[in-house]
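> Sequence:
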Amino acid sequence: MKLPRLIFVAWLGLGLVRAQSTSPANPRPLARGPAWVYAAAQPDDFPLATAAGAAPIVFSTDDFKVVTLAAHDLAADIEQVTGQKPALRPASTFSQMGGGRGPIVVVGTLGQSPLIDELARAGKFDSSELRGAWESFLIATVAHPWPGIPSALVIAGSDRRGTAFGVYELSQAIGVSPWHWWADLAPEKQPALHVAAGTRRFGPPSVKYRGIFINDEDWGLHVWAKNNFEPEHGGIGPKTYAKVFELLLRLKANTLWPAMHAVSKPFNAFAENAPLADAYAIVMGSSHAEPMLRNNVGEWPHDRDKDYNYLTNRDGVLKYWDERVAANGRYENIYTLGMRGIHDSVMQGPKTNPERIATLEKIFADQRALLAKHVRPDLEHVPQIFCAYKEVLPLYRGGLRVPDDVTVMFPDDNFGYIRDFPAASERNRAGGFGVYYHLSYLGAPMSDLWLSTTPPALVWEEMTKAYDAGARTIWIANIGDLKPAEIDMEFFLQLAWDIKRWRRDNLDDFLPEWAAREFGAGQAKEIAAIMRDYYQLNFQRKPEHLQWWMPKDPPRAGTLSDDEVRERLAAFEALRYRLAVVGSGIPEWQAGAFYELVAYPVFGARLANERFFLGERGEVPGATMAGEALREITKFYNEGIVGGKWRGIMALEPADDDWKSMRIARWETPKYSRPTPPTPGTGGVISLEAERFTRKTDRVGAAWERIPGLGRTGEGSVAVFPTTAVSIAPEKLVADAPRLDYEVSFGAAGEFPVTVYLVPAHPIANSALRFALALDDAAPQIVALEFKDGAAEWAQGVLNNTRTAKATLHVPSPGAHTLKIFMVDAGVVLDKLVIDCGGLVPSYLGPPESLSAR
Numbered sequence: 008m009k010l011p012r013l014i015f016v017a018w019l020g021l022g023l024v025r026a027q028s029t030s031p032a033n034p035r036p037l038a039r040g041p042a043w044v045y046a047a048a049q050p051d052d053f054p055l056a057t058a059a060g061a062a063p064i065v066f067s068t069d070d071f072k073v074v075t076l077a078a079h080d081l082a083a084d085i086e087q088v089t090g091q092k093p094a095l096r097p098a099s100t101f102s103q104m105g106g107g108r109g110p111i112v113v114v115g116t117l118g119q120s121p122l123i124d125e126l127a128r129a130g131k132f133d134s135s136e137l138r139g140a141w142e143s144f145l146i147a148t149v150a151h152p153w154p155g156i157p158s159a160l161v162i163a164g165s166d167r168r169g170t171a172f173g174v175y176e177l178s179q180a181i182g183v184s185p186w187h188w189w190a191d192l193a194p195e196k197q198p199a200l201h202v203a204a205g206t207r208r209f210g211p212p213s214v215k216y217r218g219i220f221i222n223d224e225d226w227g228l229h230v231w232a233k234n235n236f237e238p239e240h241g242g243i244g245p246k247t248y249a250k251v252f253e254l255l256l257r258l259k260a261n262t263l264w265p266a267m268h269a270v271s272k273p274f275n276a277f278a279e280n281a282p283l284a285d286a287y288a289i290v291m292g293s294s295h296a297e298p299m300l301r302n303n304v305g306e307w308p309h310d311r312d313k314d315y316n317y318l319t320n321r322d323g324v325l326k327y328w329d330e331r332v333a334a335n336g337r338y339e340n341i342y343t344l345g346m347r348g349i350h351d352s353v354m355q356g357p358k359t360n361p362e363r364i365a366t367l368e369k370i371f372a373d374q375r376a377l378l379a380k381h382v383r384p385d386l387e388h389v390p391q392i393f394c395a396y397k398e399v400l401p402l403y404r405g406g407l408r409v410p411d412d413v414t415v416m417f418p419d420d421n422f423g424y425i426r427d428f429p430a431a432s433e434r435n436r437a438g439g440f441g442v443y444y445h446l447s448y449l450g451a452p453m454s455d456l457w458l459s460t461t462p463p464a465l466v467w468e469e470m471t472k473a474y475d476a477g478a479r480t481i482w483i484a485n486i487g488d489l490k491p492a493e494i495d496m497e498f499f500l501q502l503a504w505d506i507k508r509w510r511r512d513n514l515d516d517f518l519p520e521w522a523a524r525e526f527g528a529g530q531a532k533e534i535a536a537i538m539r540d541y542y543q544l545n546f547q548r549k550p551e552h553l554q555w556w557m558p559k560d561p562p563r564a565g566t567l568s569d570d571e572v573r574e575r576l577a578a579f580e581a582l583r584y585r586l587a588v589v590g591s592g593i594p595e596w597q598a599g600a601f602y603e604l605v606a607y608p609v610f611g612a613r614l615a616n617e618r619f620f621l622g623e624r625g626e627v628p629g630a631t632m633a634g635e636a637l638r639e640i641t642k643f644y645n646e647g648i649v650g651g652k653w654r655g656i657m658a659l660e661p662a663d664d665d666w667k668s669m670r671i672a673r674w675e676t677p678k679y680s681r682p683t684p685p686t687p688g689t690g691g692v693i694s695l696e697a698e699r700f701t702r703k704t705d706r707v708g709a710a711w712e713r714i715p716g717l718g719r720t721g722e723g724s725v726a727v728f729p730t731t732a733v734s735i736a737p738e739k740l741v742a743d744a745p746r747l748d749y750e751v752s753f754g755a756a757g758e759f760p761v762t763v764y765l766v767p768a769h770p771i772a773n774s775a776l777r778f779a780l781a782l783d784d785a786a787p788q789i790v791a792l793e794f795k796d797g798a799a800e801w802a803q804g805v806l807n808n809t810r811t812a813k814a815t816l817h818v819p820s821p822g823a824h825t826l827k828i829f830m831v832d833a834g835v836v837l838d839k840l841v842i843d844c845g846g847l848v849p850s851y852l853g854p855p856e857s858l859s860a861r
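Per the working numbering, the very first residue in the sequence shown carries number 8; after that it's consecutive.
Derived by calculation from the structure, the hints in this document are not laboratory data.
By construction, the Cβ of each residue, glycine as well, lies at the ideal position given by its N, Cα and C atoms.
Think about it this way: if two alpha-carbon atoms lie no more than 25 Å apart in a straight line, the pair counts; the simulated DMTMM-like pairs of lysine to aspartate or glutamate are:
{"hint": "1", "residue 1": "Lys131", "residue 2": "Asp69"}
{"hint": "2", "residue 1": "Lys532", "residue 2": "Glu722"}
{"hint": "3", "residue 1": "Lys196", "residue 2": "Glu533"}
{"hint": "4", "residue 1": "Lys532", "residue 2": "Asp505"}
{"hint": "5", "residue 1": "Lys813", "residue 2": "Asp743"}
{"hint": "6", "residue 1": "Lys813", "residue 2": "Asp570"}
{"hint": "7", "residue 1": "Lys92", "residue 2": "Asp52"}
{"hint": "8", "residue 1": "Lys131", "residue 2": "Glu176"}
{"hint": "9", "residue 1": "Lys272", "residue 2": "Glu237"}
{"hint": "10", "residue 1": "Lys813", "residue 2": "Glu758"}
{"hint": "11", "residue 1": "Lys233", "residue 2": "Glu646"}
{"hint": "12", "residue 1": "Lys369", "residue 2": "Glu306"}
{"hint": "13", "residue 1": "Lys652", "residue 2": "Glu195"}
{"hint": "14", "residue 1": "Lys72", "residue 2": "Glu237"}
{"hint": "15", "residue 1": "Lys739", "residue 2": "Glu712"}
{"hint": "16", "residue 1": "Lys532", "residue 2": "Glu520"}
{"hint": "17", "residue 1": "Lys667", "residue 2": "Glu398"}
{"hint": "18", "residue 1": "Lys380", "residue 2": "Glu368"}
{"hint": "19", "residue 1": "Lys358", "residue 2": "Asp322"}
{"hint": "20", "residue 1": "Lys507", "residue 2": "Glu176"}
{"hint": "21", "residue 1": "Lys380", "residue 2": "Glu306"}
{"hint": "22", "residue 1": "Lys813", "residue 2": "Asp748"}
{"hint": "23", "residue 1": "Lys397", "residue 2": "Asp475"}
Taking CB as the label site, the calculated pair distances span:
{"hint": "24", "residue 1": "Thr686", "residue 2": "Gly629", "range": "27 to 33 Å"}
{"hint": "25", "residue 1": "Asp385", "residue 2": "Pro157", "range": "45 to 51 Å"}
{"hint": "26", "residue 1": "Asp411", "residue 2": "Ala48", "range": "52 to 58 Å"}
My request is simple: use the sequences and hints to build the entire structure.
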């Protein structure tokens, strides 16, 4: 597959050198974290595959179906890497395998596989940490497991998913990416595979249920499935879901909320879907608006919203729910409780919040009676969630009584900022808490449906904060069409599996590790750096938000200064050049994956910005050319890579005229003019990146700490950790509050306004984001930004990924001074500080919200 000269020469500016057409042999150690699989043999290593052949994989047909599926995938993975395909041997034929047998791989679930149980009883491996554990596994080399067999590699799971996760952990260790099918990542060929001697234990996971929500699939996944991958099913069906289920297992996820828009047939419209999910051991759920596993848009037997009213049609609604639970109750599910409108709308019937609360409490009782009837009577063992999304969250905070064994899911604000957190007083509820999080969104103020641009650092800051507050039972990420959200989706799920894997001190390693796994160590550092800058540039303003007016409002100019526009376009141009240099070293067998995961997102963001800003500046030919190029590279994604495998998967935003009230407008030549830049003053401006403090003071078990990669400029931001730190009373700030110091120099005395730019995370402690500042030894002045969730200030905040708080500094004399920032509440994330000493204040990618909010 050749990438077209048009793209890599005309747009990148360099030719693309192809190393070879097939995956090369590479005898280097296959490091995945601590290396434990090697091409070259070491003493006592287990020979998984050599020139003489591959070790047979033995499993029990009495084990769970997912074990058989995973074993077959492992055999295929080993063949991909070495060319040697292991034999698959049912345990029932084990005694007839004959004498002189060599090493074998034994895969099975404790208590379900006779061979695994036999090895455990014989003390060949320590099963004590597996018994009764949730989704845990070990991978161990065993010498002389049975007479005539010199060695075995044992993959033992505590339960069915634990076994499957163990199998796919080995697949990753030999070089097979979890995205091998979904992102066309062929593994490097190896002459042999040897597993280092010893035992490796994994699990249990940090979060019990971890998964994704396929949503807003109208423009990508549905079109691709309908017209390309499984036209026989008219869209997303069993064939697509089988690929999704395998991907989830390879990422150690276990839960799926299926596609539910009107274009898609309901998940249960296909009789084979629920048994298929069970075969893959995937826990099925349904979205915040789909109670009791129902797809309302496709399954409610009346017109939209007609009779879907619990107050006037209780019997009809209960029958509707009863049918689904009766049909699916034998499978492993998570049941969404409560009731909203047919499609992400307010519940029909009750008119006031007290009436809604009373109705929901009756609904809970009736829904749980259905679960007791069809699933099991001891409801504390039936997984149930209540998702407090949108208008439902005030009901929960307003006194709604959710049964104690039900998990309460808090939502983000649809833009990656979690709206609420468990209070210390409620964290002991039996059902625990969870998070519903958006990496893609169709909704106001403007949708985010095309490129995936949420910085992993933001996902880390928000999700670790939620985990520390007690949200540990279920995490679900809305990933839209799945592609191109591969990086964000995996990072989210890695955190859910092991919350300690990524920390402030190694967060910068995620992208290099990801790039090394997918494209090799030689290019990893620069690919990671390109993606880091891609996330930061798009954090300043997403490609889907490149208009500064709300839908239905008259178009108006953007708020970036001329200098900021020039710097932004130059930064994207620099990414283009760097991408060209990296691209010249990408071998042909990796070209499709590189285009999907790196080149297209970077190209697309760059061209979208050129089209908008060149158009604003009146450079219409350049803007038109960028638009044409954008359409061409999207067409190439759909038709030119991997033999047209992804035909229909990628759609530019807006792809059509639906949902116009919440999507960016189609680009056209602007009919407005950019404003004349103001005349600079003479006093100057002091601009401070928050993470570049001079020193810090830690107190009361808390500290301001850097968060690398989170911020609109610079290298990151700062926030107080732990995020559960208790608020500091105003009179105790000087003595008790963690503090940051910045050495600054003023050219004159005076009263100077200071603007503090905050990452628009929601407050933890109250309705405001609070901190304090002081100059030298002056008394700290508390700065409180009222958050006003849902108001115009919030809308501008999420579109710009910043909120601004203001104060005034009294500077008694020119010269050196110390600006001090004190913690008041945890949850404040500082990005930048700007002191106006009488100069032209840089807009910092748009003026403060008080000037730009409508």
